[in-house]
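**Q** What follows is each chain in one-letter form.
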Amino acid sequence: MKQEEINFGKSEQFNLTMIPGSFARRMRKNIIWQFFRFMVINIKMLIVVSKSH
Amino acid sequence: MARLIIMGGGVSGHTTATFAKKWLGDEHEVVVVTPNSQWNWIPSNIWVGVGQMEKKDVVFPLAPIYKKAGIDFRQALATEIHPNGKADDDTPYIVISSTEEGKEGQTEELSYDYLVNATGPKLNFDATPGLGNGSGGLSGNTVSVCTADHAVHASEELKEIFAKAKAGERQKILVGTGHGMCTCQGAAFEYIFNIEHEARKANVRDMLDIKWISNESFLGDFGMGGLHMKVGGYAVSSKLFAESLYAERDVQWIIGAHTSKVEEGKIEYELLDGTMHEETFDFAMLIPPFGGVGLKAYDKDGSDMTDTLFAPNGFMKVDAKYDAGAYENWKASDWPVTYQNPTFDNIFAAGIAFAPPHLISKPMTSPNGTPINPTPPRTGMPSGIIGKAVAHSVCDMIKKGKDVHLHEASMADMGAACVASAGKGLFDGSAAAMTVYPVVPDFEKYPGTGRDTNYTFGEIGLAGHWIKHILHHMFLYKAKLKPGWTLIPE
Ligand SMILES: Cc1cc2nc3c(=O)[nH]c(=O)nc-3n(C[C@H](O)[C@H](O)[C@H](O)COP(=O)(O)OP(=O)(O)OC[C@H]3O[C@@H](n4cnc5c(N)ncnc54)[C@H](O)[C@@H]3O)c2cc1C
Chain A
-5 MKQEEINFGK SEQFNLTMIP GSFARRMRKN IIWQFFRFMV INIKMLIVVS
45 KSH
Chain B
39 MARLIIMGGG VSGHTTATFA KKWLGDEHEV VVVTPNSQWN WIPSNIWVGV
89 GQMEKKDVVF PLAPIYKKAG IDFRQALATE IHPNGKADDD TPYIVISSTE
139 EGKEGQTEEL SYDYLVNATG PKLNFDATPG LGNGSGGLSG NTVSVCTADH
189 AVHASEELKE IFAKAKAGER QKILVGTGHG MCTCQGAAFE YIFNIEHEAR
239 KANVRDMLDI KWISNESFLG DFGMGGLHMK VGGYAVSSKL FAESLYAERD
289 VQWIIGAHTS KVEEGKIEYE LLDGTMHEET FDFAMLIPPF GGVGLKAYDK
339 DGSDMTDTLF APNGFMKVDA KYDAGAYENW KASDWPVTYQ NPTFDNIFAA
389 GIAFAPPHLI SKPMTSPNGT PINPTPPRTG MPSGIIGKAV AHSVCDMIKK
439 GKDVHLHEAS MADMGAACVA SAGKGLFDGS AAAMTVYPVV PDFEKYPGTG
489 RDTNYTFGEI GLAGHWIKHI LHHMFLYKAK LKPGWTLIPE
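Residue numbers (the working numbering), protein chains in the order written: chain A, -5 to 47; chain B, 39 to 528.
Chain A on its own, in the form it takes in the complex (with noise of 0.2 angstroms):
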């Protein structure tokens, strides 16, 4: 079984929700991707604080 239908069977509450698979796991920790998006981040950060000021 994939590891991410494993909790969808744990509980009720975890059955009516989404679970990320295995590809959107693997692209939280790469590294090229993650870099570009803390860019992304970083930006959208200062414009929030910037329309703060």
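If you're looking for bench data, these hints aren't it; they were derived computationally from the structure. Computed from a predicted structure; not experimentally measured. Worth double-checking, as some hints may not be accurate.
[Said to hold, decoys possible] Stretches of chain B that chain A covers, calculated by requiring three or more beta carbons in the stretch to come under 8 angstroms of a beta carbon on chain A:
{"hint": "1", "segment": "222 to 228"}
{"hint": "2", "segment": "283 to 290"}
{"hint": "3", "segment": "460 to 474"}
{"hint": "4", "segment": "493 to 505"}
[As the list claims (entries may be wrong)] Taking CB as the label site, the calculated pair distances span:
{"hint": "5", "chain 1": "B", "residue 1": "G140", "chain 2": "A", "residue 2": "I0", "range": "19 to 27 angstroms"}
{"hint": "6", "chain 1": "B", "residue 1": "G363", "chain 2": "A", "residue 2": "G15", "range": "41 to 49 angstroms"}
{"hint": "7", "chain 1": "A", "residue 1": "I41", "chain 2": "B", "residue 2": "G108", "range": "31 to 39 angstroms"}
{"hint": "8", "chain 1": "B", "residue 1": "G174", "chain 2": "A", "residue 2": "E6", "range": "20 to 28 angstroms"}
{"hint": "9", "chain 1": "A", "residue 1": "F2", "chain 2": "B", "residue 2": "G407", "range": "35 to 43 angstroms"}
{"hint": "10", "chain 1": "A", "residue 1": "I0", "chain 2": "B", "residue 2": "E118", "range": "53 to 61 angstroms"}
{"hint": "11", "chain 1": "A", "residue 1": "F30", "chain 2": "B", "residue 2": "N241", "range": "49 to 57 angstroms"}
{"hint": "12", "chain 1": "B", "residue 1": "G407", "chain 2": "A", "residue 2": "I41", "range": "41 to 49 angstroms"}
{"hint": "13", "chain 1": "B", "residue 1": "P409", "chain 2": "A", "residue 2": "E6", "range": "22 to 30 angstroms"}
{"hint": "14", "chain 1": "A", "residue 1": "I0", "chain 2": "B", "residue 2": "P350", "range": "46 to 54 angstroms"}
{"hint": "15", "chain 1": "B", "residue 1": "G271", "chain 2": "A", "residue 2": "S16", "range": "13 to 21 angstroms"}
{"hint": "16", "chain 1": "B", "residue 1": "G271", "chain 2": "A", "residue 2": "N24", "range": "12 to 20 angstroms"}
{"hint": "17", "chain 1": "A", "residue 1": "K23", "chain 2": "B", "residue 2": "T524", "range": "21 to 29 angstroms"}
Backbone N, C-alpha and C define an ideal beta-carbon position, used for all residues, glycine too.
Model the placement of chain B with the ligand on the given structure of chain A, informed by the hints.
**A** Chain B with the ligand alone, transformed into the frame defined by chain A:
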């Protein structure tokens, strides 16, 4: 020469004091009254609470920093405000009580021209029987991560739980809110996922049942009525985002809960449907409800005028609309803009110390009449921004006269960036990074979700984790007033 006194040297008060001193120079006096000798970067207490940082990593002594900046530092508690002065002298003043070693309890009167209340929250453990020890502190039944010392203690207790789990004893962990009127769900959220992460690293995850309990009516409310964010091309509710994370990490949840009693290894709680339940635990971290710190105000003749300055919850009244009425009538414009006290134009409140006009989340009450809803969060970024705006206003009033246009910083016009990080290693951690804009939803400006979905977003990954690390170092650097500190945003 004018004298500005700032009561409270936390995130907000420290920001006000340091900017005010920079802008006022030596011509005017800036005094900080705060009870601790050390400044604490509170968000990183979470890492102390799981043993990934030591107390020394999240605190530093205030006296040398204030000395260098030319700020008069009084290690004391402010206890009384006399905004009209005394019978024979109109000069307003406050009374402070020393907390310095060897001088404990010694009182002093300090006159002021301008006063900023940035005393943050009283951690009201005693609101829930068994959560507090009856004299304002934490009972031994649960732990807390609200102060650096609490977090050190939490980490020691957690270590014992992990040791028992390693020895084959199944352990139950409960994390969340210790009352129906708590805020700061974000801190508990971050703590529970740090415990979960550390448990995996220590190979004891299989021996732990980890459960969340909170007063939110849905998971992901965070005291802001939830938020909608862009994830994978969808605009989704934070409910789905949060539930997904809990399910992925095998963390069960109880929501809509008012913790009514805490005992050793057991809590009692009431749900929004009015039913009563019990939950057992081996280790619990429950956030207490917040209140004002209990400052009193007196008139010239000594009569109590605390009600004039403070709301019943002990937070200071500012320029908010406190009579907005029912939920249906609430507007973004109810939220304060200048943080000036409506009765005394030389008094301001910044950060958690100001009285919000009402909740942000929808008010909820159980059939037994128990209110069970998160109170509004005032996280680090808004507290810092408000502190700076108040410093700006006071400096302008001192330099240009009382009629100047005051600086504005409404939470309905301000965003917040929150990073809930699990783990501390650079490559094995992960974080839920979120920004929300604005903090208080504005349904007139953004019909539908109340917020700008271009700037309200959340995602999980290493990137957020790196940002959390950077924030930790950046804010400590800024708070220590190292070169270029003014360039680092709040
Ligand atoms: C565990 C935890 C984690 C958190 N994580 C995050 C996060 O990741 N991101 C985020 O944005 N926010 C976070 N927060 C919230 C953030 O810490 C607060 O928003 C912020 O500290 C509020 O600033 P403040 O100045 O209003 O209050 P505080 O920082 O609490 O400062 C108040 C100060 O006033 C002093 N004081 C109290 N009584 C008196 C008195 N009578 N006289 C004089 N001084 C007094 C106190 O000692 C304290 O120094 C977290 C909070 C907690 C508890």
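**Q** Each hint needs a verdict: does it hold in this structure or not?
**A** Going down the list of hints, with the structure as the test:
Counting residues of the segment 222 to 228 of chain B whose beta carbon lies closer than 8 angstroms to any beta carbon of chain A gives 0, which falls short of the minimum of three for the stated coverage. Check on the segment 283 to 290 of chain B: 5 of its residues sit with their Cβ under 8 angstroms from a Cβ of chain A, so the three-residue criterion for coverage holds. Under the rule that three or more residues need a Cβ within less than 8 angstroms of chain A, the assignment of the segment 460 to 474 of chain B holds, with 4 such residues. Residue count for the segment 493 to 505 of chain B with a Cβ under 8 angstroms from a Cβ of chain A: 10. That meets the three needed, and the coverage hint holds.
Take G140 of chain B and I0 of chain A: their Cβ atoms lie about 60 angstroms apart, and the range 19 to 27 angstroms is violated. Between G363 of chain B and G15 of chain A the C-beta distance comes to about 47 angstroms, which sits within the given range of 41 to 49 angstroms. Under the hint 31 to 39 angstroms, the C-beta atoms of I41 of chain A and G108 of chain B, about 35 angstroms apart, fit the expected range. The given range of 20 to 28 angstroms is broken by G174 of chain B and E6 of chain A, whose C-beta atoms sit roughly 41 angstroms from each other.
For the pair F2 of chain A and G407 of chain B, the supplied restraint of 35 to 43 angstroms holds, since their beta-carbon distance comes to about 38 angstroms. Between I0 of chain A and E118 of chain B the CB atoms are about 60 angstroms apart, so this pair conforms to the stated range of 53 to 61 angstroms. In this structure the supplied range 49 to 57 angstroms is violated for F30 of chain A paired with N241 of chain B, their Cβ-Cβ distance being about 33 angstroms. Taking the beta carbon of each, G407 of chain B and I41 of chain A are about 44 angstroms apart, inside 41 to 49 angstroms as hinted.
Between P409 of chain B and E6 of chain A the beta carbons are some 28 angstroms apart, a value that agrees with the proposed interval 22 to 30 angstroms. Checked against the given bound of 46 to 54 angstroms, the beta carbons of I0 of chain A and P350 of chain B, roughly 50 angstroms apart, stay inside it. Roughly 19 angstroms separates the CB atoms of G271 of chain B and S16 of chain A, a value that falls within the hinted 13 to 21 angstroms. Between G271 of chain B and N24 of chain A the Cβ separation comes to about 19 angstroms, which falls inside the hinted range of 12 to 20 angstroms.
For the hinted restraint 21 to 29 angstroms between K23 of chain A and T524 of chain B, the CB-CB distance of approximately 36 angstroms leaves it violated.
Going through the hint list in order, the structure does not satisfy hints 1, 5, 8, 11, 17.
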